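**Student:** Line by line, the protein sequences give chains P and A. Letter by letter, the first sequence follows residues 2 to 257 of this note's numbering. Letter by letter, the second sequence follows residues -4 to 119 of this note's numbering.
Derived by calculation from the structure, the hints in this document are not laboratory data. Mixed in with the good hints there might be a few duds.
[To be verified] In silico DMTMM-like links for lysine to aspartate or glutamate, alpha-carbon gap of 20 Å or less: (1) K99(A) - E11(A); (2) K31(A) - D5(A); (3) K248(P) - E185(P); (4) K184(P) - D222(P); (5) K234(P) - E164(P); (6) K231(P) - E164(P); (7) K113(P) - E105(A); (8) K46(P) - D187(P); (9) K113(P) - D102(A); (10) K99(A) - D86(P); (11) K85(A) - D86(P); (12) K85(A) - D134(P); (13) K31(A) - D53(A); (14) K31(A) - E62(A); (15) K113(P) - E83(P).
Just so we're clear, the structure is a prediction, and the values are computed from it rather than from any experiment.
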Amino acid sequence: MKINIIFVSKDLSRASLMLEMLSRQGYSVATAHRAREVMGMLAEKSFDMVMVGQNLADEEGLTFLKNLRAKNKNIPVIAVLESPDTLLDHMPSGMSAEALLPHGPSGREAPKISYKLAFFQLGADEVLGFSQDLHESVARIRAVVRRTVSVQADEVLKMNEIELNMSSYTVRIASKEITVTAKEFDLLYVFLSSPNRVLSRPYLIERVWGYNYFGSPRTVDVHVRRLRSKMGKASRYVHTVPCVGYKLVPGAKQGK
Amino acid sequence: MSQKILIIDDDAHLRESLAEVLDLEGFSTLEAGNAKSGIASAKKNKPEVVIMDIQLPDSSGFQICQELRKFSKDFILIMMTGRFLSAEEKTQGLSLGADEYITKPFDIQELSIRIRQLLTRRAR
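Model the full assembly from the supplied sequences, consistent with the hints where possible.
**Tutor:** Written out as structure tokens, the structure reads:
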């Protein structure tokens, strides 16, 4: 399944190598310069992760993280910094020393804490440095995905006679393996992960094709049609919701 | 109930001092001096966090990492190293299921913040 990331930083050119590497690894990355843009994007679309630089065009990365965590405690956040071990030389706006070091000195003076620890304290899941080896950075990003994405790679998702094996990428229906394409597999994964929930075409596009996909939402219909034809009798679980999209109904009776 | 941290290291002095500090931080610590007893303790006690040395007398850290992850993916695994690790080694460990690396001597405040942050994420 596509992992959709927002990368926000004042200087995106500094992150060009990392962005290139992420896209080669199959991640879908949208970029932003300002905190306000990110909040809008998060309200509009479903993203799996936010990556934040030390500074944004309109505020500091630490202030951004504090505000983001006040609204959203769950989304994984990775900070990407120039020098993670540098000590804070000032207090970021809207922040107190207690927020960064609860047992340290209080007041407006910046506590003796590195940017890396300050980001961790405010709720970052990982802190990377630009000078870090890119392969190590990607391995750390994958580790965050492993810890935070609800389904582990080797889990088997089951619903009635449908079995989806995430490690072998195989689908079995009534114990018989069926051959599906990668996109059909991802579609079925999204369906099985959200039973009884109406999944709109734009949502399915985001989850399966990624945020940067600009094709027609009708692509979803073509893939669902093919998937249904491969599912045989089990296709009865995939219901069409007129004008919206699809819904997986586990209790759907045969013959309906 | 306090969260359990298992420390696997053949250096008894380091193990004990680390356990002492983590106990003061409110964790409940368990200790093991080699890979075999560490794996047995992890299986029996199901700690929330395992901190282990990458070079143990009876096994390499990567092997234990694989062994531990075979029976559970739920705990946080932090690897300690006394030497410089290449990016390839770190990448290998992370791919095998490690969550973090720390290099000895390490800052206990940094370790504590990192453990708490990883535990917070695990609880969400």
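**Student:** Give me the numbers of the hints this structure contradicts, sorted from smallest to largest.
**Tutor:** none
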